[in-house]
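With the hints as constraints, model all of the structure from the sequences given.
If you count the sequence shown from 1, position 342 lands on 342 in my numbering, and the numbers rise without skipping.
Source of the hints: derived by calculation from the structure; they are not laboratory data. Treat the hints with care, as some may be off.
[As the list claims (entries may be wrong)] Here are the simulated DSS-like pairs of lysine-lysine, each with C-alpha atoms no more than 25 Å apart in a straight line: (1) K276 <-> K311; (2) K319 <-> K167; (3) K373 <-> K334; (4) K440 <-> K373; (5) K319 <-> K276; (6) K134 <-> K331; (7) K22 <-> K69; (8) K167 <-> K331; (9) K334 <-> K167; (10) K311 <-> K167.
[As the list claims (entries may be wrong)] For each label pair, taking beta carbons as the anchor points, the in silico distance ranges come out as: (11) A149 <-> L294: 27 to 37 Å; (12) T189 <-> E36: 28 to 38 Å; (13) K311 <-> M37: 23 to 33 Å; (14) T377 <-> G192: 42 to 52 Å.
Even glycine gets a Cβ: it sits at the ideal position worked out from N, Cα and C.
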Amino acid sequence: MTTATLPAKVPVSHAALVARMKAIVGADNVLTSSAEMSVYECDGFTIEKHRPDVVVFPTTTEHIVGIVKACEEFGVPFLARGAGTSLAGGCVLVGGGVMIALARMKRILEINVRDRYAVVEPGVVNVWLTNALKPHGYHYAPDPSSQGACTIGGNVATNSGGPHTLKYGVTVNHILGVELVLPDGRVVTCGGPCEDGPGYDLTGAIVGSEGTFGVVSKVWVRLTRNPEAYRTLLGVFASVDDATNTISDIIGAGIVPAALEMLDQTFIGSVEAAYKLGFPLDAGALLIMEVDGLTAGLQGEADRVEAIARKNGAREVRKANTEAERLALWKARKGAFGTVGRLGFPSYCTQDGVVPRTKLPEIMRHIQGVSRKYGITIANVFHAGDGNIHPVLLFDERDPEQVRRVLDASHEILDECIRLGGSVTGEHGIGVEKLDFMPKLFTPADLLFMLRLRNAFNPDNRCSPGKLFPTAGGCAEPGTTPQTRPGRRAAV
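As structure tokens, then:
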């Protein structure tokens with residue numbers, strides 16, 4: 001298969017590009033200064049940075065159409081960005097071009113409780129939707145740890161998970177449809193408020209495509225009724241092994257908790273310093289265990305969970321006796337990454353591997369070995385129920401030697417995830433960080449068919465170039481090079 005070659009374009013000056021963007025969205029919705037655009041040169045993966053040529057804030061679908069048509073005319077690449085909370089470089093604009101920042105498309109357009117869906121723009125912050133639904137007794141189930149900042153559009157791009165996806169599923173399980181602006185400016189709608197429409201599940205293909213198909217301009221999300229009751233427990237363990245064995249035994253007993261979240265000793269210290277919840281600093285691990293559902297029978301299920309934890313060596317099992325105590329516990333868990341600064345390191349790199357639940361003790365021991373091998377402090381907080389680990393490697397990115405060791409250590413951890421039968425990402429995506437792992441996960445034939453699917457939406461590779469598909473020279477399609485691949489010709 002070969003990739004279509006773009007017709008020759010007349011090189012466009014930076015001034016002409018900026019002028020066109022201002023004509024489309026207005027001068028107040030365009031950023032051009034170096035200081036302003038430095039904010040957009042990376043996401044939560046700070047090791048790799050690429051500064052865009054211009055940042056544009058559309059406020060309507062029509063604005064997005066105008067932007068991408070102008071990019072096609074000028075031969076300039078573009079990429080959509082939400083809040084930039086992703087942790088794999090998914091919204092890094094490799095090679096420059098137009099950054100389409102969707103943060104100002106932030107309206108909740110419709111809430112339909114009777115048919116259990118809502119329609120939102122891509123810049124709606126996840127928790128805004130949750131708060132808007134509270135009076136109705138419903139919620140939007142995916143709740144990433146960055147829920148207070150991340151946007152629905154970004155969640156769609158990476159198929160985000162979160163603490164409660166063990167029971168309720170990840171983003172793709174709660175997206176009914178999307179409005180998508182294709183790279184040539186056409187607007188298409190895939191799915192919608194009706195369940196299980198005929199034809200191929202294009203919505204499912206778009207969710208998790210990391211912006212390589214087009215720009216999502218509207219989202220139909222499924223609403224979930226709030227549980228009648230919760231039981232939230234905190235298990236205190238002497239070791240990570242005891243906590244991870246508890247997880248396997250809970251699932252093995254046929255119990256499907258709403259969430260199982262683990263913090264290791266390093267994170268216990270930083271979270272306790274921030275939130276003052278009385279966490280025991282000498283514990284090897286804490287395990288948040290939550291079950292929800294109908295009140296009848298729920299306490300019995302919570303008692304079974306507690307018994308399993310004690311059988312696996314829990315020295316203490318605390319109960320959240322009030323809703324305020326429960327919410328405080330979840331605030332601490334979801335704010336854990338925000339406490340990393342208390343550990344005394346200027347930089348951190350968060351990984352996103354997945355292993356079968358029964359392999360959690362093995363991967364945690366491997367992470368401890370990698371920490372010793374490379375002399376790097378690694379803290380762990382993760383969605384333990386579905387085996388989605390998040391080792392946080394602490395370092396100083398101003399020191400090239402530390403950066404090298406962090407990358408080498410990260411690769412060893414992800415290689416081990418693959419060896420144990422898992423994957424290198426559960427919710428953060430491939431981005432620019434994990435390109436080299438795609439051939440380790442997929443055969444050449446697999447990658448070829450993925451390319452064919454992407455090319456059906458994005459044949460010129462103008463939309464989010466440099467993502468998902470690696471080559472020896474970078475991330476280009478068969479028959480091209482990073483210097484000549486479509487979308488990299490314009491002199492901007």
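How the hints compare with the structure:
1. K276 <-> K311: 28 Å, violated
2. K319 <-> K167: 20 Å, holds
3. K373 <-> K334: 30 Å, violated
4. K440 <-> K373: Within the cut-off at roughly 23 Å; holds.
5. K319 <-> K276: Judged against 25 Å, a Cα distance of about 17 Å means the pair holds.
6. K134 <-> K331: Answer holds: K134 to K331 is near 17 Å, not above 25 Å.
7. K22 <-> K69: This hinted pair holds, its Cα atoms lying about 14 Å apart.
8. K167 <-> K331: 19 Å, holds
9. K334 <-> K167: 18 Å, holds
10. K311 <-> K167: Roughly 23 Å between the alpha carbons, so the hint for K311 and K167 holds.
11. A149 <-> L294: 27 to 37 Å: For L294 against A149, whose Cβ atoms are near 33 Å apart, the range 27 to 37 Å holds.
12. T189 <-> E36: 28 to 38 Å: 34 Å, holds
13. K311 <-> M37: 23 to 33 Å: 55 Å, violated
14. T377 <-> G192: 42 to 52 Å: 48 Å, holds
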